[in-house]
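A.B. asks: Sequence:
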Amino acid sequence: MSLSGPLKVTDENDLSEALPLIYILTFATSNPRLINCTITYHSPEDGNNAFGPGAGCGIFTRSGASGFLLPLSSVADSFSVACIAWLHVGQLVVTQRDEYYLLVIAHLAHFVFYSEIANGNEQVKADAIRIGRYANGEFPTESREFAKRIFYTVFMGSENSSQETRMRAKKLADEIGSWHLDVSIDTVVSAFLSLFQTLTGKRPRYKVDGGSNVENLGLQNIQARIRMVLAFMLASLLPWVHNKQGFYLVLGSSNVDEGLRGYLTKYDCSSADINPIGSISKQDLRTFLRWAATHLGYSSLAEIEAAPPTAELEPIRSNYSQLDEVDMGMTYEELSVYGRLRKIFHCGPVSMFKNLCYRWGARLTPSEVAEKVKHFFKYYSINRHKMTVLTPSYHAESYSPEDNRFDLRQFLYNARWPYQFRKIDELVKELDGEKVPFSESSDHEKMGTTSDGGGGMGVIAAGSGNPKAGH
2 MSLSGPLKVT DENDLSEALP LIYILTFATS NPRLINCTIT YHSPEDGNNA FGPGAGCGIF
62 TRSGASGFLL PLSSVADSFS VACIAWLHVG QLVVTQRDEY YLLVIAHLAH FVFYSEIANG
122 NEQVKADAIR IGRYANGEFP TESREFAKRI FYTVFMGSEN SSQETRMRAK KLADEIGSWH
182 LDVSIDTVVS AFLSLFQTLT GKRPRYKVDG GSNVENLGLQ NIQARIRMVL AFMLASLLPW
242 VHNKQGFYLV LGSSNVDEGL RGYLTKYDCS SADINPIGSI SKQDLRTFLR WAATHLGYSS
302 LAEIEAAPPT AELEPIRSNY SQLDEVDMGM TYEELSVYGR LRKIFHCGPV SMFKNLCYRW
362 GARLTPSEVA EKVKHFFKYY SINRHKMTVL TPSYHAESYS PEDNRFDLRQ FLYNARWPYQ
422 FRKIDELVKE LDGEKVPFSE SSDHEKMGTT SDGGGGMGVI AAGSGNPKAG H
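So the number in this note's numbering is just where the residue sits in the sequence shown, counting from 1, plus 1.
Among the hints, erroneous ones may be present.
[Unchecked claim] Simulated pairs of lysine-lysine, DSS-like, Cα-Cα distance not exceeding 27 Å:
(1) Lys-245 / Lys-208
(2) Lys-126 / Lys-208
(3) Lys-171 / Lys-149
(4) Lys-430 / Lys-267
(5) Lys-267 / Lys-375
(6) Lys-149 / Lys-203
(7) Lys-373 / Lys-208
(8) Lys-245 / Lys-267
(9) Lys-203 / Lys-245
(10) Lys-267 / Lys-149
(11) Lys-149 / Lys-172
(12) Lys-245 / Lys-171
Don't read these hints as lab results, they were simulated from the structure.
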């Protein structure tokens with residue numbers, strides 16, 4: 002039966018033969034045309050982190066919210082690029098280093114909003130009039146004035162916050178034109194501790210004041226969770242305060258590397274309605290800060306980017322200042338490597354150890370590599386449960402650990418990894434003391450079926466000169 006003409010069924014016998022047939026549209030292949038085009042690869046260096054999240058502006062109008070609220074604590078790690086998508090509708094409350102990234106995005110959002118109005122986009126103009134609550138035929142004519150109506154920043158500091166961080170937050174808010182609040186959470190923290198002391202007869206102390214690790218962590222978590230509660234309270238009541246209808250969406254500000262390591266408090270400011278930077282790496286966020294400082298003219302961003310990442314949840318002493326990378330026991334650069342090997346190349350502890358022996362063999366001994374791999378997997382597995390409640394985020398990194406959409410796996414692990422760590426120890430005994438690259442993988446390993454059952458990308462691929470491989 003020919004495929005070139007119309008299908009004709011004359012009786013039931015022909016019907017059974019006709020059903021499996023597929024028409025081939027021969028015109029689609031008879032005269033192929035090649036189109037020359039240039040592929041452009043974007044990177045954080047050219048500021049494109051700001052424009053990806055911008056595609057999410059629709060969440061503002063679809064949710065019916067009247068603003069955004071982003072809780073800022075005391076760090077200034079990644080800015081406001083993530084708000085570009087969400088500032089379409091809201092007010093922003095800012096605190097924390099990662100939120101500065103959001104601040105910049107927020108600025109870009111309302112700037113693009115204003116530009117679209119200037120270009121005659123009636124739909125954007127109508128949205129702006131509604132969001133900014135303009136009346137009597139008024140509409141946004143100046144970006145800073147528009148930002149003042151829809152963009153709120155709130156610094157949630159404590160006795161552990163440095164004056165420098167507080168001033169940077171205010172300076173950047175002034176540069177952007179946001180409505181800024183400076184809040185101290187110390188009285189709320191003190192009330193919780195007094196209640197705890199009444200119940201138990203004990204009062205926890207920070208480690209620098211002689212407390213245990215348990216006390217130290219508990220005191221940090223109290224501050225973090227208070228900020229989350231305060232953020233949602235402001236999100237629900239600020240519209241009422243300003244005689245507006247509706248509510249604000251709370252913005253989260255934890256990045257992909259903190260999620261991978263579990264370096265966040267469950268139900269702190271990582272818990273929100275949406276997180277614009279939840280799948281963006283710390284390295285890329287800092288690169289974007291540098292870009293924004295230069296191209297947007299915000300001098301405060303250069304200071305923010307240069308400051309060491311810190312949560313500022315512990316007291317600052319002359320001989321002690323809390324630093325993220327010291328707390329984690331690994332650098333953000335290392336976390337990016339671990340994340341790509343684990344997710345993109347399906348490495349378990351053993352195959353990751355082999356790959357990193359090849360990658361880092363010139364500067365680290367096998368035993369040093371083993372300790373780093375064990376340390377990462379220990380805390381990755383201990384904190385994996387936090388991924389089940391991560392706030393929905395703009396998806397950027399291929400190694401996002403977010404459990405609900407991009408990295409579906411169990412959340413309870415044996416954090417001791419007895420078989421895998423024992424296997425690593427056996428390999429270390431064979432290799433320790435030799436600062437040389439690990440030998441080439443077998444064909445079996447290159448196919449991704451490594452001895453730990455977790456797959457892998459093969460030793461050669463791990464040594465690729467492209468640090469963004471699989472980005």
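A.B. asks: Does each hint hold? Answer for all of them.
C.D. replies: So, going through the hints one by one against the coordinates:
Annotation: proposed proximity of Lys-245 to Lys-208 is violated, straight-line Cα distance about 45 Å (limit 27 Å). For the suggested pair Lys-126 and Lys-208, the alpha carbons sit about 54 Å apart, so the restraint of at most 27 Å is broken. At most 27 Å may separate the alpha-carbon atoms for a hinted pair to count; Lys-171 and Lys-149 meet this at roughly 14 Å. Between the alpha carbons of Lys-430 and Lys-267 the distance comes to roughly 39 Å, so the proposed pair goes past 27 Å and is violated.
Proposed proximity of Lys-267 and Lys-375 is supported: the alpha carbons are some 23 Å apart, at most 27 Å. Distance hint between Lys-149 and Lys-203 is unfulfilled; the C-alpha atoms sit about 46 Å from each other, more than 27 Å. A C-alpha spacing of about 25 Å is found between Lys-373 and Lys-208, which places the hinted pair at or below 27 Å, so the restraint holds. A distance of roughly 31 Å separates the Cα atoms of Lys-245 and Lys-267; the hinted pair therefore is violated under the 27 Å criterion.
A hinted pair counts as satisfied when its Cα atoms are at most 27 Å apart, and Lys-203 with Lys-245 does not qualify at roughly 44 Å. Simply put, Lys-267 and Lys-149 have alpha-carbon atoms about 32 Å apart, too far for the 27 Å limit, and the pair is violated. Note on Lys-149 and Lys-172: the hinted pairing holds, with a Cα-Cα distance of about 15 Å set against a maximum of 27 Å. Using a Cα cut-off of 27 Å, the hinted pair Lys-245 and Lys-171 holds, with the two alpha carbons roughly 25 Å apart.
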